[in-house]
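Visitor: Letter by letter, the chains look like this.
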Amino acid sequence: MRLWLPPVLLAVLLIGLSTGMPALEPLFHWIQPDKQQVIYERESFLFLLQNHVFLVIVSAAAGTLAAVAGGIFATRPSGRDFLPLVSQIASIGQTFPPVAVLALAVPVLGFGEAPILVALMLYGLLPILRNTLAGLESINPAVKEAARGMGMSPLQVLVRAELPLAGRVILAGIRTSVTINIATAAIGSTIGARTLGDPVIAGLVNGNTAYVLQGAILIGLLALTTDSLFEALERTWDRRFSPQVAG
Amino acid sequence: MIELKHVTRRFGNAVAVDNIDLTIETGEVCVLVGSSGCGKSTTLRMINRLLPRTDGEILVDGEDIGTMNPEQLRLNMGYVIQGTGLFPHWTVARNIAMVPQLLKWPRERIDARVHELMTLLDLDPSTHANKYPQQLSGGQAQRVGVARALAADPNILLMDEPFGALDAITRENLQLEMLRIQKQVRKTTVFVTHDIDEALKLATRIAVMDQGRIIQHDTPENILRRPATEFVENLVGKQDRGLKLMGLRTVRELMQAHPAPKRPEPGTEGLREEDSLRLALSVMLWQDTPQVPVFNSRGEETGVITRERIVREGA
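Chains A and B, in that order, are what the protein sequence lines are. Note that the first sequence covers residues 1 to 247 in the UniProt record's numbering. Note that the second sequence covers residues 1 to 315 in the UniProt record's numbering.
Worth flagging that the hints you see were computed from the coordinates, not collected in a lab. Certain hints may be false.
[As the list claims (entries may be wrong)] Here are some of the chain B residues that sit facing chain A, going by a computed Cβ distance under 8 Å:
| id | residue |
| --- | --- |
| 1 | T67 |
| 2 | M68 |
| 3 | E71 |
| 4 | T84 |
| 5 | L102 |
[Said to hold, decoys possible] Ranges of calculated distance between the beta carbons of each label pair, as one might list FRET restraints:
| id | chain 1 | residue 1 | chain 2 | residue 2 | range |
| --- | --- | --- | --- | --- | --- |
| 6 | A | E234 | B | R107 | 30 to 36 Å |
| 7 | B | N19 | A | A134 | 39 to 45 Å |
| 8 | A | R80 | B | F231 | 37 to 43 Å |
[Said to hold, decoys possible] Pairs of lysine-lysine, DSS-like flavour, derived with a Cα cap of 30 Å:
| id | chain 1 | residue 1 | chain 2 | residue 2 |
| --- | --- | --- | --- | --- |
| 9 | B | K104 | B | K131 |
| 10 | A | K144 | B | K244 |
| 11 | B | K183 | B | K201 |
| 12 | B | K5 | A | K144 |
| 13 | B | K104 | B | K183 |
| 14 | B | K183 | B | K5 |
| 15 | B | K131 | A | K144 |
| 16 | B | K244 | B | K201 |
| 17 | B | K244 | B | K183 |
Just so it is clear, CB atoms sit at the ideal spot from N, CA and C, and this is done for glycine as well.
For reference, chain A alone in the conformation it holds in the complex:
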């Protein structure tokens, strides 16, 4: 249970701060004495947090599905020829700046959540795909050889041996991808998606540092919470599938 304590504590802090931000008004007045209003009130922080998390979860789920499927395909005998192509597509997704993706996607998909979902998915693909490939390639060939030689079908080898053995590395890729995307999702506010980037953008436009700070703190705290959640998940995975590491 102690494993799950840090993410729970961080989550409590995050939600507490999202609902109780007005209580910190004196502090923000001190930071920004020249403004009447120092607490962002156009939208509740809790709503923005919810929407932000929703965007990240949906894009991470779609990205994970696509990247893991691509990684599995590229390591099968029939898909080996596509291995360089698959890696390249993912690399391009990473090198293309999310802002540019937004600029290109808005005319097609309109303003709102859709363009940022596409941008996040593309941007998050590479870490997951790279780790899927690394995890699957790092499996001792003798294990696969024995599994096939004992009469397992290719699907059984994949499900019973390869995915459990590569899972830890794939999970680490998802962790990287999600953490990056929590920060990246904030730019969705520039095209009308409601995220924790809203107060940051509003603060920048109005010259209100207090707004910027509120958005930034919550985004940072969300990233920390998620990261420690993954830490706990990885430890649990170790206990379940790699007992030699956990001891």
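Since the structure of chain A is provided, determine the placement of chain B on it from the hints.
Guide: Same frame as chain A, now just chain B:
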């Protein structure tokens, strides 16, 4: 019975296995021996269809393996490889249970079988069943590998240099273990090795391979006495052959038996009937005695063996 008829395997332009014919009788241990790259592993991997063959046919009990479902074929062939290939995320017990689980045996039957096999391979179920492969020594891991291959009681056992990565003492122990188990279970076994001594020790018949061809296929004794080519002669060791032949024969063959087994005097040391003549001679040279008593498995003295007779008739 396994029959290979005109089997050929090419990798691109290179010929790995060149038109070989080989018949492995039911219950015998056929050892494929040769230097690396001679095609012995390729031959083995064609028998369970891990590699497709370019030409020829392979029959198992008269049936062409090309017509069978490869997974079904392999489920009925135990497979042991050098690196063991145990699943690192499964316990020893679950690794051994792999094939019975694929065959959907009921739970109690699997548990009983795992227990039986661990006992057969001299692994204590209570201490080892729940360990993970990384927690085992190399020898123990390979015992688990053999147990896994035997789990569903297949008719055929394929072993690809199973003891190659083990130290000399562990390897010797496992070889003896294999001889003991083979006496009990009588599997049709194809065993690949580059170690001629291992081949001589384990084989019913040896197939010597070189450059994709079978040079000689015969019993260990005939391989030693009448090597077909200079290659085989060099492989078995020209000068060393006398001792190797002695290594094949047991004390039982040349001892002078007592009319009836008798109780030995306490403290006398001797040989067992199934020890090799080579060992007997070594013991006598070391102890500098002309003869040594021989005991049977119950510890009774059944005869004596003399140095003179071994030297005269041993090889």
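Visitor: Work down the list of hints and note, for each, if the structure agrees.
Guide: Consistency of the hints with the structure:
| no. | hint | verdict |
| --- | --- | --- |
| 1 | T67 | violated, 17 Å |
| 2 | M68 | violated, 12 Å |
| 3 | E71 | holds, 5 Å |
| 4 | T84 | holds, 7 Å |
| 5 | L102 | holds, 6 Å |
| 6 | A:E234 - B:R107: 30 to 36 Å | holds, 32 Å |
| 7 | B:N19 - A:A134: 39 to 45 Å | holds, 42 Å |
| 8 | A:R80 - B:F231: 37 to 43 Å | holds, 38 Å |
| 9 | B:K104 - B:K131 | holds, 23 Å |
| 10 | A:K144 - B:K244 | violated, 38 Å |
| 11 | B:K183 - B:K201 | holds, 14 Å |
| 12 | B:K5 - A:K144 | holds, 29 Å |
| 13 | B:K104 - B:K183 | holds, 28 Å |
| 14 | B:K183 - B:K5 | holds, 29 Å |
| 15 | B:K131 - A:K144 | holds, 21 Å |
| 16 | B:K244 - B:K201 | holds, 10 Å |
| 17 | B:K244 - B:K183 | holds, 22 Å |
The structure is inconsistent with the numbered hints 1, 2, 10, although it conforms to all the rest.
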